[in-house]
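Add chain B to chain A, keeping to what the hints say.
Going down the list, the sequences are from chains A and B. Each step along the first sequence adds one to the number in our numbering, with nothing skipped, and position 131 is 131. Each step along the second sequence adds one to the number in our numbering, with nothing skipped, and position 144 is 1144.
These aren't lab readings, by the way, just hints derived from the structure by calculation. Do not take every clue at face value.
Said to hold, decoys possible - Taking lysine to any residue and the SDA-like style, the derived pairs with C-alpha atoms no more than 25 Å apart in a straight line are:
1. A:K301 x A:Q290
2. B:K1106 x A:Q290
3. B:K1106 x A:G227
4. A:K226 x B:V1584
5. A:K226 x B:R1113
What the hints assert, rightly or not - Pairwise CB distance ranges (calculated):
6. A:T209 x B:P1037: 46 to 52 Å
7. B:R1265 x A:L26: 48 to 54 Å
8. B:A1399 x A:G210: 53 to 59 Å
9. B:E1266 x A:L249: 30 to 36 Å
10. B:Q1171 x A:L27: 55 to 61 Å
11. A:D297 x B:G1098: 28 to 34 Å
12. B:A1210 x A:P251: 34 to 40 Å
13. B:G1209 x A:G210: 53 to 59 Å
14. B:P1037 x A:L14: 34 to 40 Å
15. A:P251 x B:R1136: 44 to 50 Å
16. B:D1284 x A:F208: 36 to 42 Å
Fair warning: this is a prediction, and the values are worked out from it, not measured in the lab. Beta carbons are placed, not taken as given, at the ideal position from N, Cα and C, and that holds for glycine.
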Amino acid sequence: MSGRERERGNLESLLISIAVHLAVILLVPYVEQPILDVYPLDIAGVIEIATIETAPAASAPAPGVTVQEVTQKPKPQAPEQAKPEPVKPTPTPAPTATPKTEPKVEPKVTAAPEPARQEPLRQEKPEVVTSPAGRAPAPVVANEPPKATLPEPEPAPEPAAEPVAQPQATQVARTASSPGAGQPDGAGIVPRPEYPGNDPTGAGMMAFTGGDRHGVNIPKGVQNEKGVGEALVRIRVRADGSIESISFLDPPRHPAMAQVIQGAISTAWRFDKDITPGRADSYYLDVRIQYDGGTEDVWVKSERASYIR
Amino acid sequence: MSSGVNKRRRGRRFAAAVAAILCILCMFGGGAGAANPAPVQMSNDFIKIVVNPGPEEAGRFGVETTGGDPRNPADDDLPLIYGRPLPWTSYTTVQVDGVDWVFGGKTTRRAGRRGRYGDVASPVQVQDGRIVCSYRLGDLKVTQQLSFVKSPTTRYLDTARIHYIVENVGQMTHAVGLRLLIDTMLGANDGAPLRAADQAMIGDAMLSGARIPDYWQAFDSLIEPSVTSQGTMAGGELTPPSRVAFSNWGMFADNLWDAEIVPGREFIRSRESDLDSAVAMYWDPSALAPGEVRHYVTYYGLGGITLAPGKLALGITAPAEVGLSSDGTAPFLAVAYVHNTGEGPAHDLVARLDLPSGFKLAGGQSNTRSIGDLEPGQTAQVAWQVVATWASVGRADLAVSVSAKNADANAVSREIQVLGPPRLLASIRRVEALQVRDERLYPWPARVSVRVENTGGSDANWVKVRLDSLGDFALSGGDHRELLIGSLQPNQGQDISWMLGGEPRPGEQRIVASATAQNAAPSASSASIQVPQLKPRVWIRPEKERVKAGDIVRVDVMLTNIVGVDSFRLDLSYDSDLLGLAMVSRGGLAVAGKTMLPWEEGDSRSLPGRIQGMAGRVGQAGKVWGSVATVYFLSRQYGSAVLSIENLILLDASGRAVTFPQAPAPCTVQISR
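Isolated chain A, as found in the complex:
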């Protein structure tokens, strides 16, 4: 094969390669990948570790952070002669006839991008619980103590009328039928919800004053160019439901839309008060707004709700 032929062959190969690449680019449909939000630690804020004895030092964590609150590891009611493992002394109620539970605190903190999806961690080694997903504080349920340490089996535990007085090993569970947060029903623990309301998206915390009308009217100029776009808005809402501030995490590509969106949120949207018992606090909602100027369609979707730390 002469050099000329080889050169020609190389050229053909190059052309074929370009054509194949172009075909792949044009033919393979683009599938939008799910967005993975990764929050930096400075947004995540303080990760709280609360012992069973202490109340949280601050309110809810930032979004995307799973806070596992440390609770007592259920301990069997040890016989008096049995030595507890005083990992960390905790304030205990006045001694009673029943033996005290010696809590063992083994904090463990994990961070997850989607707090809504987190599952309560299994209580294994560390006595760590996950903050309930927007539910009312969980009831205090006694764990069955390890048999090895139980001198004799105890009857099935019942919710203690006086939990403080009977600080058996507790665990925050996800059921919602028990006493509310901050109520002195769980050995002094105040379980912290991550978001207001009962929906991690915050959809239940907002409504439009005009019923279904969100008030986001696509301006004439955007309709003229049949502009399509979206915006992600962060609305800071005070505990009383009033708007503290509106900011764009992801501004629309049509500046006129930003004004319209802000105007609509200010005038046509209303937000619920945070009525979490004993925990009413400011919160924010991240709302995605998509629009199509060619059809006048606007989609509003609340994506995340969280407390402001």
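Chain B in isolation, oriented as in the chain A frame:
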């Protein structure tokens, strides 16, 4: 070696396949691009008319400048109506029995979204210098025609003529109205104030009846106007609206017919925050009978203001040309604009209009008007309704001056040409003379041509030509007695032809044609036509009068112009030495539609040279014209072969004999060698 060649071939095939795929993709790409088709447009040196071809928002139009005002380099390539590249914000509502239909293609955007939409009857296309499209809206056929027209203010072709033709093609009368929304735009300014007569509209307003001025204008600055637009609503061929509303575009976009007009409310676009002025012209509903056609015409384009700079900048606008109507008058509107360009307020401004001879002010007006004080940067306007009379024909100057207590006076004048009234002349130019051929009138149908001319000094508008009298004739071919010509310019004429048919009685028939116009006296013309008499006959019609020996000779036995014949019976004799009978067949009169009526070919064998008892029924009612039998002979030798009808009996439906004055005449066929 061969494997290398094969590889190369395979490679080439692969490359070809990939190239084909890419070509297909490119084609699809092109198809996607075709989803946004280019606008249909027409342009001249002054303006451009742009129409959305659809399918969405098809028919919606815009107007832009190209060169604009030749004296103003700042007004080139600017929009006068919002919506680039495809207009969509200005739309037309046709209200039918209270239901609001939107003319054109559907929309998914704000303007007219909630209306009913019809079906396209004719897509957007350029036709004879116009951009035309039609839609069926229920029982109506609505056509939109957009074209250039000479502005009455500037005398340039810088104005769009907007013409809607609404025809009731249904069987019921409907209450039909029309609203035309113009989303005005002055270059980049979508919220320019609008000026009508002596009102500067910076907020909502509604004018109706006599308060509707001939035109409204919009300009950004009186000192250095970038562009001046003008909507002309009355005068000439225009159809004055019942009312005109000025409001923000959003109100009209959301409301297909009546919009909430809050006098004085700023032109801030509803549901938004920008200034956005718009004008809606209403022609309120009125009954439209089946077959009736209604026209709505209005103008939108560039305006013309003659300016005089100064501390008190002064401008005057008026038509550059007016034509007297048939009563010898021409009312028009003259508007003066005064702008204080100084640094302090001007006090006690007074404007004065000086009219040349032949002009007068309409009743109750004064030449002098007090404006009062004018703050710096403010513009005031004063309007006068002026009437031109016969004595004003020709060129003249309208002069306006303004004076103030504390500022220098200023004056400006504007030339106006007054044209004589239009004069129509209708004349019947040609009537075809009728004669009898083959026992019929010829030529048939007969043509009559009418010429209409405008011999006056100005345009004749909405000229119609009508055949007032047809005599006994009837129009054939679905012609209408009345035709709309439109406008006729001075010294322009047009010929119109009608085809006359029917069953006219013999003798003189009188035809009368007339022409009318909106602004001219009617004219009429008449002519006579002699209609020859058609006699009832039974006769033999040879196909050819001369044949050669050996040829087939075909003859028809004809019954013509005989009234009331139901059946016939006859003998046909012929020269059997020269002709040999070949065949006898049924004639057209013995067939009614698709039905063969009773018919007998007769006895051709009993007697040589005679077909006896040829008989049958006739399928035509009234006056018959046609053959009852067709007979074929073979010509045997040369000579003159005579054929004749004998023993003829014609009966009517009740069995009575039908008589007629003339006995059947014999027929001769010449057979040559």
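* For which of the previously enumerated hints does the structure constitute a violation, in increasing order of number? -> 4, 6, 12, 13
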